[in-house]
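Q: Listed below, chain by chain, are the residues.
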Amino acid sequence: MIRRHVSATVNGDPVEFLSHPGATLLDALRDELSLTGSKEGCGSGDCGACSVIVDGRLICSCLMLAAEAEGRRIQTIEGMADGSALHPLQQKFLDHAALQCGFCTPGILMAAKALLEANPEPTETETRYWLAGNLCRCTGYDKIVRAVMDAAAEMRQVRV
Amino acid sequence: MSQLDYVAPASAEEAARALAAGGTLAKVLAGGTDLLVQLRAGRLAPGTIVDVKRIPGVIGIREEDGGFVIGGATPGALIGEHEALTRAWPGVVEAATLIGSTQIQGRASLAGNLCNASPAADSVPALIAASATCVVVGPEGRRTVAADAIAVAPGLTSLGPGEFVFEIRLPPRPPRSADAYLRSIPRTEMDIAVVGAGVNLSLDAGGLVCEARVALGAVAPTVILSEAAAAALVGTRVDEAALANLDAAAREACSPISDKRGTALFRTKIAGVLARRTAIIAFARAGERA
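Which chain is which? The protein sequence lines are A and B, in order. Sequential numbering of the first sequence, starting at 29, is according to my numbering. Sequential numbering of the second sequence, starting at 20, is according to my numbering.
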């Protein structure tokens, strides 16, 4: 089978990989680039566990072909922490115990990061609507929403 | 998906040629939020995937001749962020941005929503109520088609071999005009319309409705435009009598199926209720533009 050569930028680093024509971006991230933080929950864009940011837009990487990534800038959960220093969202998820099994967490963190980049001061309602495409079967969402709101507050303080 | 082939042409003409050459298995890839799901579910046999997003003009929004031109693959998020478009066509924008989650909004497009040809497509009643037209590119060149002529049955379009929707055009706005879209779903987000209603209207200088279009989704094999429902609004101030006539005409226009989302009886009843509520919103918005 013919494999397609793709060049892209992932978390600031140039990457190259070969993809099968039907492979999704999620397949390429996990299987070609060994970035296994993004998860496959449903494979149909319903659960958000595969959320990544492509050219500044939050998307489901299971609904994008790897071949489409040519020349694109991709951010994944692996680029969220600065070395060993956690991103404020990651720290607040720990502080609030906003995860249990953790499978949905990378996707929710990426979605929350995109939210706070678009809107540094979201209301709880805005936060809940923004995260409606990220399913969590453990937490009941309350602790997630509290962690995101708390991280937003802290990040606003740092900015001032 | 082992037989799948991917091409990303740089021009509309090249895309039309690739689609035509790929035959019935060739598929247009815009946002992919329907296409990839259908491929994965095995509902589509893998063939040539023609990614149209590298074609100049297929993503973006511009004002032209007093109206708006929306590239066929423009994602919902971009549509929702466009202030001038939102001011002129609030109903089209709210319909487009209701679709799916934040993640889906990062990719899902109007052309995709039209050409997936679901009777429950959220943006389609709003586009039809808005008298939107589509610029269709194919191997024979370009033609302009009314938005309500794209879908002909669930999952089936009127597009010929090699044709795809390149852009969507919204006409110039007369003064005192506005539109609205409402849908009914059992939850608040992430669901498929049980009924959708799009209303677009213009008022005369005296505040009476002088033009109206009413389109209903998920109550027939395709989204329907009801002339009787529109006629119920014309010449009125959308008072209770007009709304009762609109409600009856909307219900009369329905020929829904019963499925897990709602019975035919329920859909018909809700179509009347949603038509009323949508007309009230569109009328209030038009009045603010007096």
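A couple of the hints might just be wrong.
What the hints assert, rightly or not - The calculated lysine to aspartate or glutamate pairs, modelled on EDC-like cross-linking and capped at a C-alpha distance of 16 Å, are: (1) B:Lys72 x A:Asp83; (2) B:Lys72 x B:Glu102; (3) B:Lys72 x A:Glu98; (4) B:Lys288 x B:Asp266; (5) B:Lys288 x B:Glu307; (6) B:Lys279 x B:Asp223.
Hints listed in this document are in silico derivations from the structure and should not be mistaken for laboratory results.
Q: The structure should be examined with respect to each hint, and the outcome stated for every one.
A: Against the structure, the hints:
At roughly 14 Å between alpha-carbon atoms, B:Lys72 and A:Asp83 fall within 16 Å of each other, so this suggested pair holds. With a C-alpha separation of about 23 Å, the suggested pair B:Lys72 and B:Glu102 falls outside the 16 Å cut-off, and the hint is violated. Pair hint B:Lys72 plus A:Glu98 holds up; C-alpha atoms about 12 Å apart against a cutoff of 16 Å. A C-alpha spacing of about 9 Å is found between B:Lys288 and B:Asp266, which places the hinted pair at or below 16 Å, so the restraint holds.
Pair hint B:Lys288 plus B:Glu307 does not hold up; C-alpha atoms about 30 Å apart against a cutoff of 16 Å. With a C-alpha separation of about 43 Å, the suggested pair B:Lys279 and B:Asp223 falls outside the 16 Å cut-off, and the hint is violated.
In the structure shown, a violation is registered for the earlier hints numbered 2, 5, 6, in ascending order.
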